[in-house]
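Engineer: Here the protein sequences line up with chains A and B, keeping their order. Positions 1 to 188 (the numbering used here) are the ones given, in order, by the first sequence. Positions 1 to 567 (the numbering used here) are the ones given, in order, by the second sequence.
Quick caveat, the hints were computed from the structure, so don't treat them as lab data. Don't take each hint at face value.
Heads up, incomplete: computed chain A residues facing chain B, CB under 10 Å, no partners named [unchecked claim]:
# : residue
1 : Arg-3
2 : Phe-5
3 : Gly-23
4 : Ala-70
5 : Cys-73
6 : Lys-121
7 : Ile-123
All of these numbers come straight from a predicted model, not from anything done at the bench. Virtual Cβ for every residue (Gly too), placed ideally from N, Cα, C.
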Amino acid sequence: MKREFNTEHKLYTLCILVDDTPGVLSQVARLFSRKGYNIESIVSGATDKPGITRISIEILGDELMIDQIAAQCSKLLPVKAVKILDEESCIRREIALIKVRAADRLARDEIIQIVNIFRAKVIDVGKEALTIWVFGSQSKNTALIEMLEDFGILEIAKTGTIAIERGRNTIYDNNKLQEEYDYGKHVL
Amino acid sequence: MKIRATQAIMECLLEQEVDTIFGYPGGTILNLYDELYHYSEKITHVLTAHEQGAAHAADGYARATGKVGVCFATSGPGATNLTTGIATAYLDSSPVVFITCNVGENLLGKDSFQEVDSTGIAMPITKAAFLVRDAQQIPDIMRQAFAVAANGRPGPVLIDFLKNVTAPDQMIDYEFIPWRENRSCASMRSLNASHQLKNTNINQQDVDTLREMIAEAKRPLLICGGGVVRSRAHNEFRTFAEKMDAPVAITVMGGGGFPGAHPLTSGMIGMHGSRASNVAVDECDLLIAVGCRFSDRVALDPATFAKQAKIVQIDIDRAEIDKNVLTDHHIIGSARRVLEMLNEGLPQYDHTEWKQHILPLRAPSVAADSAHLNPQQIMETIRLNTPEDTIVATDVGQHQMWAIKHLHFNYPGQLLTSGGFGTMGFGLGAAIGAQVGNPGKRVIHIAGDGCFRMNCHELCTVQHYNLPIISVVFNNGTLGMVRQWQNLIYGSRFSQTTLDRGPDFVKLAEAYGLHGYRATCLQEVEDCIRQALACGTGAVIDCVLDMDEMVRPMVAAGSPITKFLLD
Numbered sequence: 001m002k003r004e005f006n007t008e009h010k011l012y013t014l015c016i017l018v019d020d021t022p023g024v025l026s027q028v029a030r031l032f033s034r035k036g037y038n039i040e041s042i043v044s045g046a047t048d049k050p051g052i053t054r055i056s057i058e059i060l061g062d063e064l065m066i067d068q069i070a071a072q073c074s075k076l077l078p079v080k081a082v083k084i085l086d087e088e089s090c091i092r093r094e095i096a097l098i099k100v101r102a103a104d105r106l107a108r109d110e111i112i113q114i115v116n117i118f119r120a121k122v123i124d125v126g127k128e129a130l131t132i133w134v135f136g137s138q139s140k141n142t143a144l145i146e147m148l149e150d151f152g153i154l155e156i157a158k159t160g161t162i163a164i165e166r167g168r169n170t171i172y173d174n175n176k177l178q179e180e181y182d183y184g185k186h187v188l
Numbered sequence: 001m002k003i004r005a006t007q008a009i010m011e012c013l014l015e016q017e018v019d020t021i022f023g024y025p026g027g028t029i030l031n032l033y034d035e036l037y038h039y040s041e042k043i044t045h046v047l048t049a050h051e052q053g054a055a056h057a058a059d060g061y062a063r064a065t066g067k068v069g070v071c072f073a074t075s076g077p078g079a080t081n082l083t084t085g086i087a088t089a090y091l092d093s094s095p096v097v098f099i100t101c102n103v104g105e106n107l108l109g110k111d112s113f114q115e116v117d118s119t120g121i122a123m124p125i126t127k128a129a130f131l132v133r134d135a136q137q138i139p140d141i142m143r144q145a146f147a148v149a150a151n152g153r154p155g156p157v158l159i160d161f162l163k164n165v166t167a168p169d170q171m172i173d174y175e176f177i178p179w180r181e182n183r184s185c186a187s188m189r190s191l192n193a194s195h196q197l198k199n200t201n202i203n204q205q206d207v208d209t210l211r212e213m214i215a216e217a218k219r220p221l222l223i224c225g226g227g228v229v230r231s232r233a234h235n236e237f238r239t240f241a242e243k244m245d246a247p248v249a250i251t252v253m254g255g256g257g258f259p260g261a262h263p264l265t266s267g268m269i270g271m272h273g274s275r276a277s278n279v280a281v282d283e284c285d286l287l288i289a290v291g292c293r294f295s296d297r298v299a300l301d302p303a304t305f306a307k308q309a310k311i312v313q314i315d316i317d318r319a320e321i322d323k324n325v326l327t328d329h330h331i332i333g334s335a336r337r338v339l340e341m342l343n344e345g346l347p348q349y350d351h352t353e354w355k356q357h358i359l360p361l362r363a364p365s366v367a368a369d370s371a372h373l374n375p376q377q378i379m380e381t382i383r384l385n386t387p388e389d390t391i392v393a394t395d396v397g398q399h400q401m402w403a404i405k406h407l408h409f410n411y412p413g414q415l416l417t418s419g420g421f422g423t424m425g426f427g428l429g430a431a432i433g434a435q436v437g438n439p440g441k442r443v444i445h446i447a448g449d450g451c452f453r454m455n456c457h458e459l460c461t462v463q464h465y466n467l468p469i470i471s472v473v474f475n476n477g478t479l480g481m482v483r484q485w486q487n488l489i490y491g492s493r494f495s496q497t498t499l500d501r502g503p504d505f506v507k508l509a510e511a512y513g514l515h516g517y518r519a520t521c522l523q524e525v526e527d528c529i530r531q532a533l534a535c536g537t538g539a540v541i542d543c544v545l546d547m548d549e550m551v552r553p554m555v556a557a558g559s560p561i562t563k564f565l566l567d
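So that you can see chain A by itself, here it is in the shape it has in the complex (with noise of 0.2 Å):
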């Protein structure tokens, strides 16, 4: 029987283990540029493992453009693990610092307020403007920085997004498409 892969577009999260090495991050990220394919949002970070950095990209695309391009991601030298989650089965966060005008005191009380709302919080005062942080799912982020605009907002820093698996299940997990990808690997 052929796979079937899903055609639909929707945001995959691709999470990679690599090797902490120069030039690691470009090599990974050239895979989606030489299709022309546009990341979402690449966040590269620390893990439990030391020299071991966990790179999570978010991609707009179908399943099968996901599958290959895990499956040549996972022949990569440095590249240790590589896991596809879709939204259901995991659990993504964003961080968001968002630098909001705030002319008077009405309108700093007003933001505190939506802040609170939010369970987000002020890090920063000055007379004529707050910042706040945000940590959440991005709808939620999304939705405050809305409730903000009214404000005018001056600057936003976010994260990009952060995923891991719902449950007991790992990345370092090795399940039988673990294995194939290892196999493939064999590259070596």
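Chain B: place on chain A using the hints.
Structural biologist: Below, chain B without anything else, positioned relative to chain A:
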């Protein structure tokens, strides 16, 4: 033991049993060439006319011998001149280690003289690209580079040494470890942990499933792809095909994986495939592709490709599965190991009826016409007048298709051709590499006039090293394959494809100190080949052809495989 860093590089080459290097020196790689001077008794260096020629020669050497090729070049233009050669090796999975040197650490990233980001450029066209900034890493990186190039799906690797790393006063700790024993080194252990060096655990269940599919098949077809050649699985494949009693279609890269004149051969497959192979794809009920990635020149239209068949892909590279054509079943592993497992206890099948339907569709031979030169007849003449184990290196275009269709290849490494990247000018470099690696064998280089012009400066390498390579130039005064497309698809508007210009290839050969011959009829071709074989040096035979000769049959790009544009 402390030794010079450059000495360690040479010793690491000796660890890998490297005795031949192709290359071209320059400013930043001077230290390495200085060390090579001391190693000239152990390592032979072949100096080409151009770095691209060196890259193709190392590639040709690797393809023809099955060993890892090694190529040296300097920074900047030296490295960029290699890139076409690296990409050619990458697309055809040929194991070559390219070694370049870059400017020193203090000049890096400052747009210094002859500086370029070599590893960055090589990243998309290598299996791995190493930048060496610390001399102490040399042994680890050299060992890893050779392991990566040779294992799994083979391919090119680049190592870029900074100049200060190769400085004569750089001393490092080094211990000689032959490659067979180096798996125990820490660096090799960690590499093996993340990317298994040898895939030993082919899934037995996958193999059994394929056996069941084979037992049910009434009209099976096998495709012999480049993977059969790279894993040197020709004997296993032959046993498999004979037990299956199924027609075998051969891809361009599969040439040499299955005997060209075997009664089961249905010929080439794809754009210029034989009617037998292409019809078989369309009508088979089981298609087993071994080491074949269903490129757009084979599966021209993936949606209709083998539409009646269950498609099975056997490949070493997981990333090839379902890439171009969706498959019904796949086995991941080296062609040789998988076929060994499959052959064990495989019953003898009989598909006489199916064979009798397909195999008679093979191309009929063209009747003799002595007045006017016909490419097929030239090929037959070459075949009949050269030893059976002659290595053939081709360039890219019409002559390439004629050579693959009309010559017979019986073992891996007998056909050297740029199938994936389609690099014009590949042939002469590859022929040099093949001849250096196989001094006892005859090497014939088949070129078109366009391709020959691209790298004919390597004739000086042929002459200098006294390589008895015979270049047969199919001179039709045009960029034949492009003209063929213009003829069939672009309303005969021959835009910039007519090559009505010099040089006179006979005089050119003579200018390089080689023998030159010209043939305008079949008898002359035969005479020229005989003389060239006997002349003792390299030779060029200029065969004058009609510019409107076409490669037949032809299926247009993207069309269903049996929708022939030309019969």
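Engineer: Does each hint hold? Answer for all of them.
Structural biologist: Here is how each hint holds up against the structure:
Below 10 Å, beta-carbon pairs count as interface contacts, and Arg-3 of chain A has one with chain B at about 6 Å; its hint therefore holds. Because the beta carbon of Phe-5 of chain A sits about 8 Å from the nearest beta carbon in chain B, less than 10 Å, this interface hint is met. Interface hint status for Gly-23 of chain A: upheld, as the beta-carbon distance to the closest one in chain B is roughly 7 Å, under 10 Å. At about 9 Å, the closest approach between the beta carbon of Ala-70 of chain A and any beta carbon in chain B falls short of 10 Å, and the interface hint on this residue holds.
A distance limit of 10 Å between C-beta atoms decides the matter here; for Cys-73 of chain A the minimum to chain B is near 9 Å, and the interface restraint holds. Violation of the interface hint for Lys-121 of chain A is found here, the shortest Cβ-Cβ separation to chain B being roughly 40 Å, above the 10 Å cut-off. Hint status for Ile-123 of chain A: violated, given a least beta-carbon distance of 36 Å to chain B, over 10 Å.
Of the numbered hints listed earlier, those contradicted by the structure are 6 and 7.
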